[in-house]
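Let the sequences and hints guide you as you build the complete structure.
Anchor point for the sequence shown: position 199 equals 281 in our numbering, and the numbering is continuous, going up by one each time.
Careful: at least some of the hints might be erroneous.
Below are the DSS-like pairs computed for lysine-lysine, each with C-alpha atoms no more than 27 Å apart in a straight line [claimed, not checked]:
hint : residue 1 : residue 2
1    : K400      : K442
2    : K353      : K442
3    : K442      : K359
4    : K359      : K400
5    : K94       : K158
6    : K353      : K400
7    : K94       : K400
Just so you know, these hints were derived from the structure itself, not from any lab.
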Amino acid sequence: MIERPYYIDRLKRFRGTGLVKVLTGMRRAGKSGILRLLEQALLWEGVSPASILLINLELIENAALCEASALLAHIKQHAPSQGTVYVLIDEAQESCNIGRVAYSLLEDGRFDVCLTGSHTRLVEHALADVMAGRYVEIPVFPLSFAEYRTMHSAAGMSDDQLFAQYLGNGGLPHTISLEEDPYALRDYLDGVYHTVVRRDVTAELGHEDPALLDAIARHLVGNLGSPSSANRMAQSLSSSGRSCSDDTVSRYLSALTSAYAFHRVNRYDLKSHMLLKTQEKYYVDDLGLRTLLLGPQQGNLAGMLENVVYLELRRRFKDVHVGKHYARTICFVAQGPQGREYFMVEPSVLDQATLARALKPLQAERDNYPKTILTLDRIGTGSHDGIRQRNLIEWLLAADSGDGDVCPR
Numbered sequence: 083m084i085e086r087p088y089y090i091d092r093l094k095r096f097r098g099t100g101l102v103k104v105l106t107g108m109r110r111a112g113k114s115g116i117l118r119l120l121e122q123a124l125l126w127e128g129v130s131p132a133s134i135l136l137i138n139l140e141l142i143e144n145a146a147l148c149e150a151s152a153l154l155a156h157i158k159q160h161a162p163s164q165g166t167v168y169v170l171i172d173e174a175q176e177s178c179n180i181g182r183v184a185y186s187l188l189e190d191g192r193f194d195v196c197l198t199g200s201h202t203r204l205v206e207h208a209l210a211d212v213m214a215g216r217y218v219e220i221p222v223f224p225l226s227f228a229e230y231r232t233m234h235s236a237a238g239m240s241d242d243q244l245f246a247q248y249l250g251n252g253g254l255p256h257t258i259s260l261e262e263d264p265y266a267l268r269d270y271l272d273g274v275y276h277t278v279v280r281r282d283v284t285a286e287l288g289h290e291d292p293a294l295l296d297a298i299a300r301h302l303v304g305n306l307g308s309p310s311s312a313n314r315m316a317q318s319l320s321s322s323g324r325s326c327s328d329d330t331v332s333r334y335l336s337a338l339t340s341a342y343a344f345h346r347v348n349r350y351d352l353k354s355h356m357l358l359k360t361q362e363k364y365y366v367d368d369l370g371l372r373t374l375l376l377g378p379q380q381g382n383l384a385g386m387l388e389n390v391v392y393l394e395l396r397r398r399f400k401d402v403h404v405g406k407h408y409a410r411t412i413c414f415v416a417q418g419p420q421g422r423e424y425f426m427v428e429p430s431v432l433d434q435a436t437l438a439r440a441l442k443p444l445q446a447e448r449d450n451y452p453k454t455i456l457t458l459d460r461i462g463t464g465s466h467d468g469i470r471q472r473n474l475i476e477w478l479l480a481a482d483s484g485d486g487d488v489c490p491r
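Right, here's the structure in full:
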């Protein structure tokens, strides 16, 4: 198993707090592996195997446990009568009423509960009403570049070479074992897309048009970092022969984000301090899906870098938005307990005109919050009148920014 101490540390932080821990994210991002790592960590600490109940609700042998009362009865039947019992439920959204089960376990007082879910309905519906204030959501993403580099420490590749490979292959944990065989890697990613993404989209919509879903997904991965809207997307699809309404596109976008396959990032007006609901951006959860849908092309490097930075900021900060101040746009505004940070992302700013363009929106913000330009340049890093310029790869490998915090819901 791939070690993922970032998530284990956060799970440990909330042990014994009376809060349900909820790991959310796209299927195959590594949530099940994190549960097994947690089980392993508990055993190393001396917890009895009998006091750890790991239940995967997707397994056919556990189908009967998807009914709430059966699941609760199973847990209490197999739980020791003394000491803390750790209940780890994988794919908890498969239970018809997991919120009531979790509530009953917490009320019992003996149970420490951790759930995983691959669809927003787990948090937005199953837990929000019943468990308000009694659970903490921890988003799980595919491997960060730092994790990816650790897994390739013996490969003898430079960080730049590894990063180029990471942009193409993505960071789904299972792809690490398939990288030597491009055909096997593509088949695996194709399986993720068709059996995972489509499956959860169908769960959201009740039906699907596979060709339209593919067209929308290709549009999204082909326009990473570009402002978008359902109306603009419908017009683009119609011009290419896929006629559809704004409402249809909106429903598919909602389904794709509900399955955590894509992330919708709203604009934040820095003057009015309000979130705007137009011209949002979309980023894919794993860049390997971009390669699958578009082929191994190198176009839109800027958008791919933005995608990597967005996911990294989501690991380090609680809230991440696109910044807007009048007509100027800042790639990302990240908010944590220590305040706000601003980030611009460019492949290179060696050209003075590009550097000036990247600096301008940051210079317009007169506050004292940290401001950073991230590029692939190995020269020219430093400070521009207080605005830091950092090499993006080095920044990804550093752990000196953000807080990685999560808050009870």
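For each hint, the structure was consulted:
| no. | hint | result |
| --- | --- | --- |
| 1 | K400 x K442 | holds (26 Å) |
| 2 | K353 x K442 | holds (16 Å) |
| 3 | K442 x K359 | holds (24 Å) |
| 4 | K359 x K400 | holds (19 Å) |
| 5 | K94 x K158 | holds (23 Å) |
| 6 | K353 x K400 | holds (21 Å) |
| 7 | K94 x K400 | holds (18 Å) |
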